[in-house]
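Visitor: Below are the chains, spelled out letter by letter.
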Amino acid sequence: MNESFARPLVRESTIANALVATLIVTLILMIGWPLWALLSKSLQDGTGAFIGLANFRTYFSTPSMVAALVNSLWVAALTTTIVVPLAFVYAYALTRSRMPGKGLFTALALLPIFAPSLLSAISLIYLFGNQGFLKELLLGHSIYGPIGIVFAESCYCFPHAVMIIATGLRLADGRLYEVAEALGTRPSRVFFTITLPGVRYAAISAAFVVFTLVITDFGIPKVIGGQFSVLATDAYKQIVGQQNFEMGAVVGLVLLVPAILAFFVDRHIQKRQVALLSARAVPYEPKPAPGRDLALTLFCLAIASVLVAMLGMAIWASFIRYWPYNLSLTLANYEFENFEPGAWGPYLTSLKMAGLVAVLGTALIFTGAYLVEKTKVAAPLRGIAHFLAMLPMAVPGLVLGLGYVFFINTKGSPFGVLYGTLAVLVINTVAHFYTVGHITATTALKQIDPEFEAVSSSLKVPFWVTFRRVTMPISMPAILDIAVYMFVNAMTTISAVIFLYGPATKLASISVIHMDESGATAPAAAMATCIVLTAIAAKLIHLVMDKLVFERLQAWRRR
Amino acid sequence: MKSRLFQGASLCVAALSVFASAALAQTRTKLTAYTALENDQLPPFKAAIEAAVPDVEIVWVRDSTGVITARFLAEKDNPRADLVIGLAATSTLLFEKMNLLESYSPTGADKLRPAFRDGAGDYTWTGTAAILAVVCYNTVEAKKANAVAPVSWDDLTKADFKGKVVMPHPASSGTGYLQVAAWLQLMGEEKGWAFMDKLHDNVAVYTHSGSAPCVQAAKGERMVGIGFDMRGAREKTNGAPIDLIVPKEGVGWDVETTAIVKGTKNLAAAKKVADWTATKGANELFSKYSAIVAHPEVKNAPPNYPAEAEGKLVKNDFAWMAAERDRILKEWVKRYESKAQPK
Numbered sequence: 004m005n006e007s008f009a010r011p012l013v014r015e016s017t018i019a020n021a022l023v024a025t026l027i028v029t030l031i032l033m034i035g036w037p038l039w040a041l042l043s044k045s046l047q048d049g050t051g052a053f054i055g056l057a058n059f060r061t062y063f064s065t066p067s068m069v070a071a072l073v074n075s076l077w078v079a080a081l082t083t084t085i086v087v088p089l090a091f092v093y094a095y096a097l098t099r100s101r102m103p104g105k106g107l108f109t110a111l112a113l114l115p116i117f118a119p120s121l122l123s124a125i126s127l128i129y130l131f132g133n134q135g136f137l138k139e140l141l142l143g144h145s146i147y148g149p150i151g152i153v154f155a156e157s158c159y160c161f162p163h164a165v166m167i168i169a170t171g172l173r174l175a176d177g178r179l180y181e182v183a184e185a186l187g188t189r190p191s192r193v194f195f196t197i198t199l200p201g202v203r204y205a206a207i208s209a210a211f212v213v214f215t216l217v218i219t220d221f222g223i224p225k226v227i228g229g230q231f232s233v234l235a236t237d238a239y240k241q242i243v244g245q246q247n248f249e250m251g252a253v254v255g256l257v258l259l260v261p262a263i264l265a266f267f268v269d270r271h272i273q274k275r276q277v278a279l280l281s282a283r284a285v286p287y288e289p290k291p292a293p294g295r296d297l298a299l300t301l302f303c304l305a306i307a308s309v310l311v312a313m314l315g316m317a318i319w320a321s322f323i324r325y326w327p328y329n330l331s332l333t334l335a336n337y338e339f340e341n342f343e344p345g346a347w348g349p350y351l352t353s354l355k356m357a358g359l360v361a362v363l364g365t366a367l368i369f370t371g372a373y374l375v376e377k378t379k380v381a382a383p384l385r386g387i388a389h390f391l392a393m394l395p396m397a398v399p400g401l402v403l404g405l406g407y408v409f410f411i412n413t414k415g416s417p418f419g420v421l422y423g424t425l426a427v428l429v430i431n432t433v434a435h436f437y438t439v440g441h442i443t444a445t446t447a448l449k450q451i452d453p454e455f456e457a458v459s460s461s462l463k464v465p466f467w468v469t470f471r472r473v474t475m476p477i478s479m480p481a482i483l484d485i486a487v488y489m490f491v492n493a494m495t496t497i498s499a500v501i502f503l504y505g506p507a508t509k510l511a512s513i514s515v516i517h518m519d520e521s522g523a524t525a526p527a528a529a530m531a532t533c534i535v536l537t538a539i540a541a542k543l544i545h546l547v548m549d550k551l552v553f554e555r556l557q558a559w560r561r562r
Numbered sequence: 002m003k004s005r006l007f008q009g010a011s012l013c014v015a016a017l018s019v020f021a022s023a024a025l026a027q028t029r030t031k032l033t034a035y036t037a038l039e040n041d042q043l044p045p046f047k048a049a050i051e052a053a054v055p056d057v058e059i060v061w062v063r064d065s066t067g068v069i070t071a072r073f074l075a076e077k078d079n080p081r082a083d084l085v086i087g088l089a090a091t092s093t094l095l096f097e098k099m100n101l102l103e104s105y106s107p108t109g110a111d112k113l114r115p116a117f118r119d120g121a122g123d124y125t126w127t128g129t130a131a132i133l134a135v136v137c138y139n140t141v142e143a144k145k146a147n148a149v150a151p152v153s154w155d156d157l158t159k160a161d162f163k164g165k166v167v168m169p170h171p172a173s174s175g176t177g178y179l180q181v182a183a184w185l186q187l188m189g190e191e192k193g194w195a196f197m198d199k200l201h202d203n204v205a206v207y208t209h210s211g212s213a214p215c216v217q218a219a220k221g222e223r224m225v226g227i228g229f230d231m232r233g234a235r236e237k238t239n240g241a242p243i244d245l246i247v248p249k250e251g252v253g254w255d256v257e258t259t260a261i262v263k264g265t266k267n268l269a270a271a272k273k274v275a276d277w278t279a280t281k282g283a284n285e286l287f288s289k290y291s292a293i294v295a296h297p298e299v300k301n302a303p304p305n306y307p308a309e310a311e312g313k314l315v316k317n318d319f320a321w322m323a324a325e326r327d328r329i330l331k332e333w334v335k336r337y338e339s340k341a342q343p344k
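Chains as they are written, first to last, in my numbering: chain B, 4 to 562; chain L, 2 to 344.
These aren't lab readings, by the way, just hints derived from the structure by calculation. Treat the hints with care, since some could be wrong.
Here's a subset of chain B near chain L, in silico, CB distances under 7 Å, partners left out [stated by the list, open to error]:
1) Q47
2) T50
3) A52
4) F136
5) E139
6) F322
7) Y325
8) N341
9) S521
Covered stretches of chain B (in silico footprint by chain L; criterion: 3 or more residues with CB under 8 Å from a CB of chain L, positions within the stretch not fixed) [claimed, not checked]:
10) 200-213
11) 239-246
Calculated lysine to any residue pairs in the SDA-like style (CA-CA distance at most 25 Å, straight line) [to be verified]:
12) L:K144 - B:L330
13) L:K98 - B:Q246
14) L:K335 - B:N133
15) L:K331 - B:V69
16) L:K159 - B:P506
17) L:K266 - B:P506
18) L:K77 - B:S145
19) L:K144 - B:F136
20) L:K144 - B:P506
21) B:K355 - L:K159
22) L:K237 - B:Q245
23) L:K159 - B:Q246
24) L:K335 - B:G505
25) L:K77 - B:A507
26) L:K266 - B:A426
27) B:K355 - L:T28
28) L:K145 - B:Q245
29) L:K77 - B:G505
For glycine and all other residues, C-beta sits at the position ideal for the given N, C-alpha and C.
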C-alpha cells in the first residue's frame with residue numbers, strides 16, 4: 004500500500020476512534036456512573052461515611068422489609084407461571100395455526116404496551132373493587148393486594164412474553180415436521196419432541212423478562228396493592244416518603260439481582276438459540292386443522308377480550324360522572340385543573356419529553372450503533388461501547404432512576420443543576436430504553452452490505468459521508484422504529500422518572516399516580532386514557548408513514 | 002441531501018426552542034412553595050397570589066403532609082423551597098424549633114384569631130385555615146349491611162364496621178396525625194392507644210392521603226372514612242350518599258400555616274406573599290375550601306358542612322403535637338404499619 008493512499012485511512016480511523024471514545028464517555032455518564040452512585044450510596048450512612056454492609060444487615064434484619072422482598076418474589080414467580088403458558092398458546096396460535104385475523108390478534112396482544120402499567124390496575128378497581136360489577140367473581144376475596152397485582156401484572160407483561168415466544172416459534176425448521184409427518188409420528192409426540200424443545204430457550208427468556216418486569220414494576224402495586232407491600236413500593240417509600248436514601252439504595256440493589264441474573268441467562272440462551280437454525284432450514288407452514296384452529300381462535304379471543312376490557316374499562320370509567328351511583332357520561336374528569344395543580348401541564352410536559360427523547364435519543368443511538376458496527380475502530384473500544392449499550396437492558400427503570408437521584412442530588416455534584424429539569428428526564432429515559440434501540444439499529448446495520456464502506460473508503464469518501472448519503476437513507480425504517488419505540492415508552496414510563504421530576508416537569512404518568520392517590524380515580528383514568536391514545540396515535544402515524552413514504556423509498560429492496 | 006440536512010437542523014432548532022422558551026418564562030421571581038394543600042386548591046391559590054403580587058410566580062411542590070415534611074427536613078442544609086404554604090402547624094412548629102424558618106410577622110397578622118398566630122418565641126408562621134377530621138358515613142352501603150350510624154368514636158370499634166373503616170396514615174397525612182393526636186389528648190395515652198388497637202381491627206387500610214378516606218366512603222368503596230372535612234362536604238355536594246358525622250367526644254384539627262424558609266434568595270418577594278395570606282381577601286379565598294379560617298370577620302358555611310363541627314373541636318396543644326410527633330408516629334408505625342397502603 005503506498006503512502007498517500009494509506010494516510011487518509013489512518014486519519015479517518017483516528018476520527019472514528021475519537022467518536023467512539025466520546026460515545027463511551029457519554030454512555031458512562033448516562034448509565035455507568037449513576038449505577039456506581041447507587042452502589043456507593045448503599046455502603047454509606049446518612050452523613051456519607053463508608054459503613055460497609057451495615058445497611059444490608061439493617062435491611063435483612065427488618066421484618067417489614069424482608070416481608071416485602073418475599074412478597075415481591077412470590078408475586079413475580081406466580082405471574083410468570085401464569086403468563087408464560089398463556090403467552091405460549093397465544094404465540095403458538097399466531098405462528099403455528101391457520102387462525103383467521105392473525106394481524107388483528109397480534110395488534111390486540113400488543114395493546115398493553117401503549118398504556119402505563121397502572122392502567123390495568125385502575126380498570127381492575129372498577130371491575131372487581133368493592134363497588135365493581137364483577138366483584139362476586141372473586142368469591143369474597145379482595146382485589147386490593149396480591150390478587151389484583153398478579154392479575155394486572157399478567158396483562159402488563161403479556162405482550163412482552165408473546166413477542167419473545169412468537170419469535171422463538173418462528174425459527175422452527177419446517178423440514179423436521181415434514182420428516183415427522185413422513186414417519187407417521189403422532190401430533191402429540193411431534194409437539195413434545197420438536198416444538199417444545201425448539202422454543203424452550205425463548206420460553207426461558209420470556210420467563211426471566213416477565214419476572215424482572217413484575218418485580219421492578221411500581222405503578223401497579225402502588226394503585227392496587229392495598230396493604231400488600233413489595234420491593235418497588237418499598238424503595239419509593241424509603242426515598243420519597245422518608246427521605247432515607249441509603250435504604251432506598253439497598254432496595255435498588257436487591258432489585259438489580261434478578262435483573263442481572265436474567266440478563267446473563269438470556270445472553271447465554273441466545274448464543275445457543277442461533278445454533279438451532281441451520282442455513283438449510285425451511286420455514287414451517289402450518290397445515291389446515293379446523294379443530295385446532297377453532298380452539299386456538301377461541302382461546303385468543305378470550306385473552307384478547309380480557310386485554311381490551313382492561314383498557315376499555317378505564318377509558319369508559321374516565322367518562323363516568325360519579326361511580327357507582329351516577330353512571331351518566333361526562334367530560335368533567337378531563338377538566339384536569341380541578342384535580343391536578345398543573346392542569347394539562349403534565350400532559351404537555353410528557354409530550355415534550357417524549358418528543359425530545361425520540362429525536363435526540365434516536366440520533367444518539369443510531370449514530371452510536373453505526374460507529375460501533377461500521378467504522379474501523381479499535382476492538383477494545385468497540386467491545387466497551389457495545390457492553391455499555393447493552394447494560395440498560397439489565398437495569399430496571401426504578402434502579403436507574405434511583406441511581407440518577409444519587410448521581411445528581413449529592414452535595415457538590417457537578418450535575419446538581421440538572422435536578423428536576425426536563426433535561427434529566429430526557430437523559431434518563433434515553434438511557435433507560437437505550438438497549439432495544441441499539442439492538443434494532445445494529446440489526447438493521449448488519450443487513451447493509453459492508454461493501455458500501457469498503458467501496459467508499461477505496462474512493463476516499465470518508466465514513467461520515469457514507470453514513471449520511473447511504474446508510475441513513477437505507478436505514479430510515481429502522482430509525483423510525485427506534486423513534487416510535489422511544490416515544491411510546493417515554494409517554495408511559497413511571498418507575499424511573501417518579502424520583503426525578505421537579506415542580507415544573509411533572510409528567511402525565513406521575514400525575515396519574517398522584518390523582519389516584521388522592522382518591523380521584525376517574526380523572527386518573529382520564530389522564531391515563533390521554534397517554535394511551537397519544538401512544539397509539541404515534542404508532543398509527545408510524546404505520547401509515549411506513550406504508551406511504553417508505554414503501555416508495557425502499558423500492559430498491561425489491562427486484 | 003439538502004432537505005435532510007435542513008430536517009436535521011430544524012429538529013435541532015425545535016429542541017433548542019423548547020429550552021429557550023423555558024428560559025424566557027423566568028422574567029418574574031419564581032417562588033417555590035412546598036404545600037400540602039389539596040390539588041384542586043392549588044390553581045386558584047396560585048392565581049390569587051399572582052394577582053395580588055404580580056411580580057412573583059408560584060411553583061408548587063405538593064405532596065401529603067408527612068412526605069413534604071420529610072422532604073423539607075432532608076433538604077435542610079440546602080433548602081429548595083422559598084415558602085411553605087398550607088402546611089400543618091405541627092410541621093411548621095417543628096421547623097421553627099430547628100431554626101429553619103425566617104422570622105417575619107406579616108402585615109395584619111395581629112388581626113387574626115389567636116389560634117392562627119405563632120404564639121411563642123420568634124414569630125415565624127401564620128395560620129390560614131383549620132383542617133378537621135370528620136367521619137364520612139356511606140348511607141347506601143350502611144343500609145345494605147344493616148349498620149347503625151356511629152355517634153361516638155367508640156361506635157366505630159363495633160363489629161358492624163369490621164374491615165369497613167378507612168383512615169389516613171398519620172405519618173404521611175396531616176389529617177391522620179391530627180386525629181391520632183386528638184384521640185391521645187381526649188382519652189389520655191393509655192386509653193387512646195387501647196382505642197386505636199380496637200379500631201385497627203376494623204380498619205381495612207390506612208391511606209396516604211387525608212382526602213382519600215372520604216372519597217372512598219363517598220364511592221362506596223368503604224363504608225366509613227375518617228378524613229378531611231371539606232373533602233367530605235364536597236363529595237356530598239357532588240351527589241355522594243354520605244353523611245358527615247362529628248363524633249360526640251370531639252374531632253381533631255390542625256391549622257394550615259404559611260412561613261418563609263430561612264435562607265431563601267427571594268426574601269422580599271416571599272414577604273409579600275406572606276403579607277397576602279393575612280389579608281381579608283386571601284381569607285375569603287381560604288373560606289371557599291375551609292369552614293374555619295384565620296380572619297375573624299370571614300365566615301362561610303359550605304354546603305353540606307356539619308354545623309356542629311366548630312363547637313366540637315378538641316382542646317389542642319400544638320406545642321405538644323409538634324414535640325411528640327416523632328414519638329407518636331414511631332409508636333403508631335410499630336403497632337399498625339402492617340395495614341398501610343404502599344407508598
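Visitor: Would you mind confirming whether the straight-line C-alpha gap from B:K355 to L:K159 stays at or under 25 Å?
Guide: Measuring from Cα to Cα gives roughly 53 Å; hence the hint is violated.
Visitor: Holds or violated: the stretch 200-213 of chain B covered by chain L, criterion of 3 or more residues with Cβ-Cβ distance under 8 Å?
Guide: Check failed, 0 qualifying residues.
Visitor: Under the criterion that the straight-line Cα-Cα distance not exceed 25 Å, is the pair L:K144, B:F136 satisfied?
Guide: Distance ~19 Å between L:K144 and B:F136 Cα, so the pair holds.
Visitor: Take the stretch 239-246 of chain B, compare each residue's beta carbon with every beta carbon of chain L, and decide whether three or more fall closer than 8 Å.
Guide: Coverage by chain L holds here, the residue count being 6 at a Cβ distance below 8 Å.
Visitor: Mind checking the alpha carbons of L:K144 and B:L330 for me, to see if they're no more than 25 Å apart?
Guide: Judged against 25 Å, a Cα distance of about 21 Å means the pair holds.
Visitor: Hint check: L:K335 vs B:N133, CA-CA at most 25 Å. Holds or violated?
Guide: violated (28 Å)
Visitor: If you draw a straight line from the CA of L:K237 to the CA of B:Q245, is it 25 Å or shorter?
Guide: Status violated; Cα separation ~34 Å.
Visitor: Next item in the hint list is B:E139. Is there a CB on chain L closer than 7 Å to its CB?
Guide: With Cβ-Cβ at 14 Å, over 7 Å, it is violated.
Visitor: Next pair to validate is L:K335 with B:G505; report whether the Cα-Cα distance is within 25 Å.
Guide: violated (33 Å)
Visitor: B:N341 was flagged as interface toward chain L. Is the shortest Cβ-Cβ separation under 7 Å?
Guide: holds (5 Å)
Visitor: Straight-line Cα separation of L:K145 and B:Q245 no greater than 25 Å?
Guide: With a Cα-Cα distance of about 40 Å, the restraint between L:K145 and B:Q245 is violated, given a limit of 25 Å.
Visitor: Could you check if B:F136 really has its C-beta closer than 7 Å to a C-beta on chain L?
Guide: violated (12 Å)
Of the numbered hints stated above, those contradicted by the structure are hints 1, 2, 3, 4, 5, 6, 10, 14, 16, 18, 20, 21, 22, 23, 24 and 28, listed in ascending order.
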